[in-house]
Every structure is written in structure tokens, then in C-alpha cells.
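Colleague: Take a look at the letters that make up each chain.
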Amino acid sequence: MEEFPQGLQNSKDFSGGDSKKCQRTVPCQGYFAPQRIEEALEILSRYGKEIKIIAGGTDLLVQYYDRLYEINNWLDLKNIKELKEVKINKNQMIIGAMVTHTQLESSEDIKTYYPVLSQAAADIGSPQIRNRGTIGGNIVNASPAGDLLSPLMAYDAQFKLQSNQREMIVPAEEFFIGPKKTILQPNQLLTRIILPLPEEKTYGCWIKIGKRKALAIATIILALVVKMAEDNKTVKDVRTCLGSVAPTPIEIKEVRKKMAGKNFNQLDFAELGQIVEDKISPIDDIRGTREYRKDVAKEIMINALEEIDSARRERNY
Amino acid sequence: MSKLTIGFIINGQKKTIETTTSTRLLDLIRDDLHLTGTKEGCGKGECGACTVIMNGELVASCLILATQSDGAVITTIEGIGDNECLDPVQEAFIETGAVQCGFCTPGMILAAKKMLEENPHPDEEEIKRGISGNLCRCTGYQKIIDAIKLAANRLSSKNGGRSEKDD
Chain A
1 MEEFPQGLQN SKDFSGGDSK KCQRTVPCQG YFAPQRIEEA LEILSRYGKE IKIIAGGTDL
61 LVQYYDRLYE INNWLDLKNI KELKEVKINK NQMIIGAMVT HTQLESSEDI KTYYPVLSQA
121 AADIGSPQIR NRGTIGGNIV NASPAGDLLS PLMAYDAQFK LQSNQREMIV PAEEFFIGPK
181 KTILQPNQLL TRIILPLPEE KTYGCWIKIG KRKALAIATI ILALVVKMAE DNKTVKDVRT
241 CLGSVAPTPI EIKEVRKKMA GKNFNQLDFA ELGQIVEDKI SPIDDIRGTR EYRKDVAKEI
301 MINALEEIDS ARRERNY
Chain B
1001 MSKLTIGFII NGQKKTIETT TSTRLLDLIR DDLHLTGTKE GCGKGECGAC TVIMNGELVA
1061 SCLILATQSD GAVITTIEGI GDNECLDPVQ EAFIETGAVQ CGFCTPGMIL AAKKMLEENP
1121 HPDEEEIKRG ISGNLCRCTG YQKIIDAIKL AANRLSSKNG GRSEKDD
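Here the protein sequences line up with chains A and B, keeping their order. Take the first sequence: its position 275, counted from the start at 1, is 275 in the working numbering, and no numbers get skipped. When you read off a place in the second sequence, starting at 1, and then add 1000, the result is the number in the working numbering.
Among the hints, a few may not be true.
[Stated by the list, open to error] Dumping the calculated SDA-like pairs for lysine to any residue here, alpha-carbon to alpha-carbon at most 20 Å:
1) B/Lys1003 - A/Lys298
2) A/Lys52 - B/Lys1044
3) A/Lys81 - A/Glu50
4) B/Lys1044 - A/Lys294
5) B/Lys1003 - A/Lys81
6) B/Lys1003 - A/Lys294
7) B/Lys1044 - A/Leu215
8) B/Lys1003 - A/Glu50
9) A/Lys233 - A/Gly210
10) A/Lys213 - B/Gly1140
11) A/Lys294 - A/Val170
12) B/Lys1003 - A/Lys233
13) A/Lys213 - B/Lys1003
[Claimed, not checked] If you anchor each label on the Cβ, the simulated ranges turn out as follows:
14) B/Asn1055 - A/Gln29: 47 to 53 Å
15) B/Asn1083 - A/Glu42: 35 to 41 Å
16) B/Asp1082 - A/Ile177: 51 to 57 Å
17) B/Glu1018 - A/Arg46: 24 to 30 Å
18) B/Lys1158 - A/Glu291: 28 to 34 Å
19) B/Gly1097 - A/Asn89: 50 to 56 Å
20) A/Arg46 - B/Lys1158: 55 to 61 Å
21) B/Glu1125 - A/Ala270: 31 to 37 Å
22) B/Lys1158 - A/Thr112: 34 to 40 Å
23) A/Leu267 - B/Lys1128: 55 to 61 Å
[Claimed, not checked] Reference listing, derived: stretches of chain A covered by chain B, where coverage requires no fewer than 3 residues with Cβ under 8 Å from a Cβ of chain B:
24) 64 to 78
25) 122 to 135
FYI, nobody ran anything at the bench for these hints, they're computed from the structure. C-beta: ideal position from N, C-alpha, C; glycine also.
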């Protein structure tokens, strides 16, 4: 690649160092693009609420469309290479927070182990959005309609949150506390998403209902993941996770109780669909009414169970 | 809002330019560099009129801060052909009548060009997916899809097609 013209990227002082050392003629403030997590955490601890973290920007720049001037300081994570990696470590998949939807969609490992997550990433926005938008941004934005959130919950994801004081790992379920609200503190950075590698006989189904195929904010989302026992008939465990039907992405735990230990052939799909319909609390909004979402939730649960049933029958063990 | 200087390569030319922390890449391209082929439609990443290619990826320049493009290599519609020598995708758009008002065309052509680079023989569904981030309110898309098919055929029969202008 050609040598870059002089810019911020080449300026060490711009990557979060002491601003007094700055040799540049323009003020070294307002925009930081550090290369290491530690530097980012240091900047965060210094600025706290006075700085905005930017990943892909595909939600943030929409949110601040006509008031970008309100943000005085930016912390851009684009140069932190270790946040862009997808790797397997023992029995876990570690996904960096800056991994884009395009990366998720095209990763063979994600496709193999977490097909529901892979499909969810492929269904997001448009090529332009998938190329920039990140998994970490999708999580931190915490939209009840966030496409990746239900699949992540369905695969028992955990999130690594770091500050320059300490780091913690929290289950996805505990991270979301309301529409666009999470437990993330101003001095914390979501750095990694940790997923246990699924057992061999794990099946998944992803259903997103929206107004159109591209660039649709979901009217309703279902991520269903079923773990089968050795015999490929007995249900070992299940996660039924939905989006756009409650203030946060949710799991319908009653389905676990109803399905665990049962022979898949003897399940009453309609009854399970009804449980989903009864346990969600959707609202009326521009994308659909409460009543519509309730009806559709039941139907897509039945469809998902049918799809998993046929995938299960196709596999010969 | 702070002022600062950034540098990048746009359409093959190195540029160093002063900008602010609340400027979008789209504004920098249009207002500061006067490359007005890149359009603003919705400003929210839904219409694709502001599409450019940055570091080899199709992106919406309305959703990128100017500062984020520091050190990047950017191609806008002005960078893929000139009056003497159009890009094969541009030629195909003209020949099939895929242009009406023209507002979506720059973004549409860049999306088509990027898709054909990655997938030289797309089927119709793949073409639709490739331009799914670009809205056109005139043509009904059929002629745009025809144009991309024509460009794909020509590029593959020319064994890679006409050499591109350096960018």
C-alpha cells in the first residue's frame, strides 16, 4: 500500500498520549484513535461521560444526525486490532467487539458453530451498514430490536467489560436492563464477546420479520437453539430468545421446562407457540401492533420448531 | 467541536485537509473537496446516495466522521472513469437506460462495481442483495439490474475488462 499522507494515524500523540506533548498546530483534542485497549481505557477513565465511544457509527451517527456538534470528544476504536479478531480458545469462541457484521457473516467458524448468529448478521441493514456496523456496537446500543442480541442470548454469550480498574464478565441476559439501557458504566468498554462452543447435536433457527428484506428494523425476531441428546431425539436443552417484543431481548424460560427431556417427536408445537405468545409483552409501534406481534410470535415459533425438526431428521447419526 | 488536520488518499490523490470533529465524511467530500458526485439523500444510511468505497469496502459516507477517514484510501464516483474513458459499469448504465434523475446513480454504480469485483458472475438475487443498500425512486430497478448483468458479461468476456484508472 502506498504511504499515507501525514495524518492522525501516524501521530503518536493522537493515540491517547498526553495532549501537552502534542507537536501539531491544531489542538490534539476532540478525537482519539488509540491502538491499544489499555490506552482506550485510560482515555475513558479520564473523560468518562464527556467522551463518546464510536465503533462503526451506523447507529450513533443516525442518533446524532443533526446534533453532532453536541459531542466534544470522540474515542474511536478503529485502530485497536485485537478487537477485530474472531478466534477459538479451547472450548470458547472469542469475538472482538469491533468485528463487523460482514466479518461475522463471512466467518466459516461462525457459520459452522453459530449459524443463527451468522444469518442474523447477514440480515442486518445493507452491505454499507454491514461493512461498518459492529457486534459490539449492536450490543452496547441495546435496541430491543437489535438483530444480534437474541442469537447471542440463545448461544449463552457472555460479555467482557473492561475499565482501567478491573474487568468483569457478565452473561448477556444480565447486560440489558431496558430499551437502549445496559449495565455498562461510562468508564467501561465492552471488549469481547465470549461464546461456549456448542455441542455436536445443536440445531438453530433464525427468523426475522420486517417490512422489507434490506434495511429493516425488526418487527419481531426469533432465535431458537435446541440441543439434542446423543440419540438425536431427546431434547437436552433449549433457548427461545426473541427481539422487538419486550424492553430488552428476552428468553422464554417456560419453553425450557416444557421441552427439556422430551422426545422431539412428541412435542406439541402449537402449545409451545402459545407459550411464547403468552409470555411476551410487545407494544404497538410503527412497525407493528401488539396484537400482530403476539399472533406472529406464535406462528414463527411453530415454523422454527418445524424447521429444526426437519434439519434433525436429515442428519443421520 | 475541535479543528484538526487529517490526511487520506482520495481518487488516487493525496490530500491533507483541516476538518472538525463534527464533520461527516460526506460533508468533507462535497463541501470541502467539491466532489459533488456523492449525494446526500436521507443522511441516515438508508438510501445509499452517499455511497463511497473506503479501504476497499462499500460504505455510507453519511455515517462516517471525517476524522475516521484519516489514513484511508477512498474512491468516489469521480474516481472511476473520466469523460474519455468510462468504467464498463457506467457504460452499461447508459446503454440500458438505467439512469433517470441520476441522483442514486453514483452510489448505485459504486455498489455494482464493488459487487462485481467480489463476485464477477452474480445471479439476479445476488445483484439485488448487492444493491440492497441503494434506493432508486425512478426506474423500478429492472434497468439497473439489466445494466449490472450487461457489465458483468462484458467484464468477464474481456477477461477482467478494461483496466481501471489507478486509484
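Colleague: Indicate, hint by hint, whether the structure satisfies it.
Modeller: Status of the hints after comparison with the structure:
1. B/Lys1003 - A/Lys298: Not OK: B/Lys1003 and A/Lys298 at ~54 Å, beyond 20 Å, violated.
2. A/Lys52 - B/Lys1044: holds, 19 Å
3. A/Lys81 - A/Glu50: Roughly 25 Å between the alpha carbons, so the hint for A/Lys81 and A/Glu50 is violated.
4. B/Lys1044 - A/Lys294: violated, 30 Å
5. B/Lys1003 - A/Lys81: violated, 26 Å
6. B/Lys1003 - A/Lys294: violated, 51 Å
7. B/Lys1044 - A/Leu215: Satisfied, since the Cα-Cα distance of roughly 11 Å is no more than 20 Å.
8. B/Lys1003 - A/Glu50: It holds: about 18 Å lies between the C-alpha atoms, which stays within 20 Å.
9. A/Lys233 - A/Gly210: The given pair, whose Cα atoms are some 33 Å apart, is violated under the 20 Å limit.
10. A/Lys213 - B/Gly1140: holds, 16 Å
11. A/Lys294 - A/Val170: violated, 30 Å
12. B/Lys1003 - A/Lys233: violated, 64 Å
13. A/Lys213 - B/Lys1003: Violated - the C-alpha atoms of B/Lys1003 and A/Lys213 are around 40 Å apart, more than 20 Å.
14. B/Asn1055 - A/Gln29: 47 to 53 Å: 26 Å Cβ-Cβ, so the 47 to 53 Å window is violated.
15. B/Asn1083 - A/Glu42: 35 to 41 Å: The hinted range 35 to 41 Å is violated for B/Asn1083 and A/Glu42, with Cβ atoms some 51 Å apart.
16. B/Asp1082 - A/Ile177: 51 to 57 Å: holds, 55 Å
17. B/Glu1018 - A/Arg46: 24 to 30 Å: Taking Cβ atoms as reference, B/Glu1018 and A/Arg46 lie about 25 Å apart, which means the hint holds.
18. B/Lys1158 - A/Glu291: 28 to 34 Å: About 56 Å separates the Cβ atoms of B/Lys1158 and A/Glu291, which means 28 to 34 Å is violated.
19. B/Gly1097 - A/Asn89: 50 to 56 Å: holds, 54 Å
20. A/Arg46 - B/Lys1158: 55 to 61 Å: holds, 56 Å
21. B/Glu1125 - A/Ala270: 31 to 37 Å: Check passed, 33 Å falls within 31 to 37 Å.
22. B/Lys1158 - A/Thr112: 34 to 40 Å: Holds - the Cβ-Cβ distance for B/Lys1158 and A/Thr112, about 37 Å, lies within 34 to 40 Å.
23. A/Leu267 - B/Lys1128: 55 to 61 Å: Since A/Leu267 and B/Lys1128 have Cβ atoms about 37 Å apart, the given range 55 to 61 Å is violated.
24. 64 to 78: holds (count 9)
25. 122 to 135: holds (count 7)
When each numbered hint is compared with the structure, violations occur for hints 1, 3, 4, 5, 6, 9, 11, 12, 13, 14, 15, 18, 23.
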